[in-house]
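Given the coordinates of chain B, assemble chain R onto it according to the supplied hints.
Protein chains: 2
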Amino acid sequence: MSAEIICVGTELLLGDILNSNAQFLAQQLAQLGIPHYYQTVVGDNPQRLKQVIDIAASRVQILIFTGGLGPTPDDLTCETIADFFGVPLVESAEIIEDITAKFAQRGRVMSPSNRKQALIPQGAEILPNPTGTAPGIIWQPRPGLTIFTFPGVPSEMHRMWSDTAVPFLKSQGWGKEIICSRSLKFWGIGESALAEKVSAYLNLLNPTVAPYAGKGEVRLRISAKASNTKAAEELIAPIEKQLREIGGLDYYGADDDTLASVVGELLRSSGETLSVAESCTGGGLGQMLTEIPGSSDYFWGGVISYDNSVKVRLLGVKPEDLEQFGAVSATVAEQMAIGVKNRLKTTWGLSITGVAGPSGGTDTKPVGLVYIGLAGSADEVRSYECRFGAMQTRSFIRHLSACTALDNLRRTWLIC
Amino acid sequence: MSAEIICVGTELLLGDILNSNAQFLAQQLAQLGIPHYYQTVVGDNPQRLKQVIDIAASRVQILIFTGGLGPTPDDLTCETIADFFGVPLVESAEIIEDITAKFAQRGRVMSPSNRKQALIPQGAEILPNPTGTAPGIIWQPRPGLTIFTFPGVPSEMHRMWSDTAVPFLKSQGWGKEIICSRSLKFWGIGESALAEKVSAYLNLLNPTVAPYAGKGEVRLRISAKASNTKAAEELIAPIEKQLREIGGLDYYGADDDTLASVVGELLRSSGETLSVAESCTGGGLGQMLTEIPGSSDYFWGGVISYDNSVKVRLLGVKPEDLEQFGAVSATVAEQMAIGVKNRLKTTWGLSITGVAGPSGGTDTKPVGLVYIGLAGSADEVRSYECRFGAMQTRSFIRHLSACTALDNLRRTWLIC
Chain B
1 MSAEIICVGT ELLLGDILNS NAQFLAQQLA QLGIPHYYQT VVGDNPQRLK QVIDIAASRV
61 QILIFTGGLG PTPDDLTCET IADFFGVPLV ESAEIIEDIT AKFAQRGRVM SPSNRKQALI
121 PQGAEILPNP TGTAPGIIWQ PRPGLTIFTF PGVPSEMHRM WSDTAVPFLK SQGWGKEIIC
181 SRSLKFWGIG ESALAEKVSA YLNLLNPTVA PYAGKGEVRL RISAKASNTK AAEELIAPIE
241 KQLREIGGLD YYGADDDTLA SVVGELLRSS GETLSVAESC TGGGLGQMLT EIPGSSDYFW
301 GGVISYDNSV KVRLLGVKPE DLEQFGAVSA TVAEQMAIGV KNRLKTTWGL SITGVAGPSG
361 GTDTKPVGLV YIGLAGSADE VRSYECRFGA MQTRSFIRHL SACTALDNLR RTWLIC
Chain R
1 MSAEIICVGT ELLLGDILNS NAQFLAQQLA QLGIPHYYQT VVGDNPQRLK QVIDIAASRV
61 QILIFTGGLG PTPDDLTCET IADFFGVPLV ESAEIIEDIT AKFAQRGRVM SPSNRKQALI
121 PQGAEILPNP TGTAPGIIWQ PRPGLTIFTF PGVPSEMHRM WSDTAVPFLK SQGWGKEIIC
181 SRSLKFWGIG ESALAEKVSA YLNLLNPTVA PYAGKGEVRL RISAKASNTK AAEELIAPIE
241 KQLREIGGLD YYGADDDTLA SVVGELLRSS GETLSVAESC TGGGLGQMLT EIPGSSDYFW
301 GGVISYDNSV KVRLLGVKPE DLEQFGAVSA TVAEQMAIGV KNRLKTTWGL SITGVAGPSG
361 GTDTKPVGLV YIGLAGSADE VRSYECRFGA MQTRSFIRHL SACTALDNLR RTWLIC
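Sequence lines, in order, name chains B and R.
Under UniProt numbering, the first residue of the first sequence is numbered 1, with each subsequent residue one higher.
Under UniProt numbering, the first residue of the second sequence is numbered 1, with each subsequent residue one higher.
The following block holds chain B by itself, in its conformation from the complex:
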């Protein structure tokens, strides 16, 4: 028994979007232990879609469709599937009611074209979509063949998959031999350097350990196969412990942890508070911190001092130091950190000032040069110079700056 992922959408054939849905579903199928040997992408074209269904239905037992469930005429997935199996579409009162309510919540009236989204093959079960108007289906058009449809919008698809498809597949006996993975996250060390440090672990068979590069960080994925989650976790735990010891301070968290969530937990545990002063990141550090629910317990806010006048007026940076050392300097980073800490009356003040590019770099202050300031509880202030490289993109330099600022606070907190 195996599954095939079928992604429907002309935008995929034109290369307009990256097929992240196939990756998500592939990971999910692996976790449930459902074999999956093929992925197919096809456009919004009924003839070709039918041909794809014909091939897939002859070689696998579970067909998972994404895309083509929208309200517009080129959204044809559901009706084409029904047509292929010679089953009529019926309008679901339940879906009509749900869509009407969702429009009402936003103060709008349902468009007539949304009615199309309430048509499902006779005998299919509805796969509710809590966050959008396009519901999916679970349907057995014939014995031994199960069809799932999901909208193409990734966030809607993820939620529907976890809420309904996973419980359904488990009820069918899947997930008995499962693969559990744990991703250990490291900041401040490169992929090859970490791989060399843990080389003895990279040939293990169960669990396996594989390094891969994230966005500015490195991860080690430990994957164990076992009959249940507990047994898999028991295989993972001792290896995780050893890898974390090898990683030392470079290890910062696992799985859903982010540098912002880890820093947040440290501050919460000690009853300390944080404020930020941002120049080149323009709010990105604050955004990372406040992406964590409950961050108001320790994060009080900050100042986006993009223009120098704001650094002076709202943070108390000395105009003569701006003049002498420039906005991108250790001195200004330190004054920004002290300024925001004192004005917002927090335990810590964290600042960033740098050259994010693509223009604005000079020989002495190239693109990628960033100073991070950290004013701490003992009225001490430090600064850190980072050189992220002039070949990096503006967006990546900003991301690295915000993450490195959080990482400096994390290391300082842990060492003190």
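Keep in mind that the hints were calculated from the coordinates and are not lab data.
Take these hints with a grain of salt, some might be off.
Because identical chains cannot be distinguished in the list, a pair is counted as satisfied if it fits within a single copy or across any two copies.
[As the list claims (entries may be wrong)] With a straight-line cut-off of 35 Å between C-alpha atoms, the simulated DSBU-like cross-links for lysine-lysine are:
hint: 1; residue 1: Lys197; residue 2: Lys116
hint: 2; residue 1: Lys50; residue 2: Lys215
hint: 3; residue 1: Lys345; residue 2: Lys318
hint: 4; residue 1: Lys318; residue 2: Lys230
hint: 5; residue 1: Lys102; residue 2: Lys116
hint: 6; residue 1: Lys116; residue 2: Lys215
hint: 7; residue 1: Lys50; residue 2: Lys225
hint: 8; residue 1: Lys116; residue 2: Lys365
hint: 9; residue 1: Lys241; residue 2: Lys215
hint: 10; residue 1: Lys215; residue 2: Lys170
hint: 11; residue 1: Lys170; residue 2: Lys50
hint: 12; residue 1: Lys365; residue 2: Lys318
hint: 13; residue 1: Lys230; residue 2: Lys176
hint: 14; residue 1: Lys102; residue 2: Lys197
hint: 15; residue 1: Lys230; residue 2: Lys170
hint: 16; residue 1: Lys345; residue 2: Lys170
hint: 17; residue 1: Lys241; residue 2: Lys225
hint: 18; residue 1: Lys176; residue 2: Lys50
hint: 19; residue 1: Lys225; residue 2: Lys116
hint: 20; residue 1: Lys197; residue 2: Lys225
hint: 21; residue 1: Lys102; residue 2: Lys365
hint: 22; residue 1: Lys365; residue 2: Lys345
hint: 23; residue 1: Lys197; residue 2: Lys50
hint: 24; residue 1: Lys225; residue 2: Lys318
Just chain R now, kept in the frame of chain B:
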């Protein structure tokens, strides 16, 4: 005549990597005007790969493979293709020489396993790989069928595609008819409502018009087929003009435009400046604005007033109004906007305060309720109430909040 993209690799089936190669090749095929209706992903398994070749060779005339050209035993693409067509592999002295030289360059000796990479089907042409050890091939195993193979490493594949595949395809007469696309972007209207407004256009044949949903926004993609870029643009231009007129104020930009870049251009054109005061977005609005290079010309900074004390201390919000109306209220949004505008001495002040969730919602102030304040040039201040819906994620509510704030400034600027 059409092409199919076939990506080979078990790592794709496990979801370990995102299939960016398929997106790159799809864009390239579109630019050359080569129709492409299918993409297939299959693992490093000869039987299944042969089945995929069989299906593809029966429906298209150009097969483009990526992946499975490496030196390890699980890299099977080239030998499986040769085997399928019953043609022997021969060792290429040219490739051996090239790989040996590349190893020598790095002071290394070629591994015996790399010898495998020099085996190509008899009669195939070599597609050189300037940056890696895995060459590709161009091969006509039978009349009317052309096969390309590329390594899976994106940077190597891109280079080989441009250096050799594109000139080859052009020499075969491709690229005479090209496809150009333009994506029009709309904010403040749903996909179905926009599709109804432009329904007359959705049946056009050249250019075609197709709606699709982005992250909180809707796009109309206009695609034209023509003999050259200029001719395609001439087909697109009148349709674009009409669609923009129908879209009215909901249309905000095209292709790489973002709400932040569009607002930035308006401010730059009038020499006006902007500051922001953010509560629930925590810096996300500032981050969006500063993602645009050169935004320092009009964006001066702002205050992240996550905690109420910061709203009072740095923005001058009245404590009694916070008490009476709550932090999430039109009154507070307006005071935040005025406060930041006056303190940073900018033309406009834009503020956001809301309930991003997942907790913190009440019956009267549910998750998804957001107030946007806008203090303008004529010392006027307005506020806007948004209800994004309690079922949305924290991250999406924050994204919608920042975009809607920018959109309100954009509309106000255009109307005034």
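Numbered hints the structure breaks, given as an ascending list: Violated: hints 4, 16 and 24.
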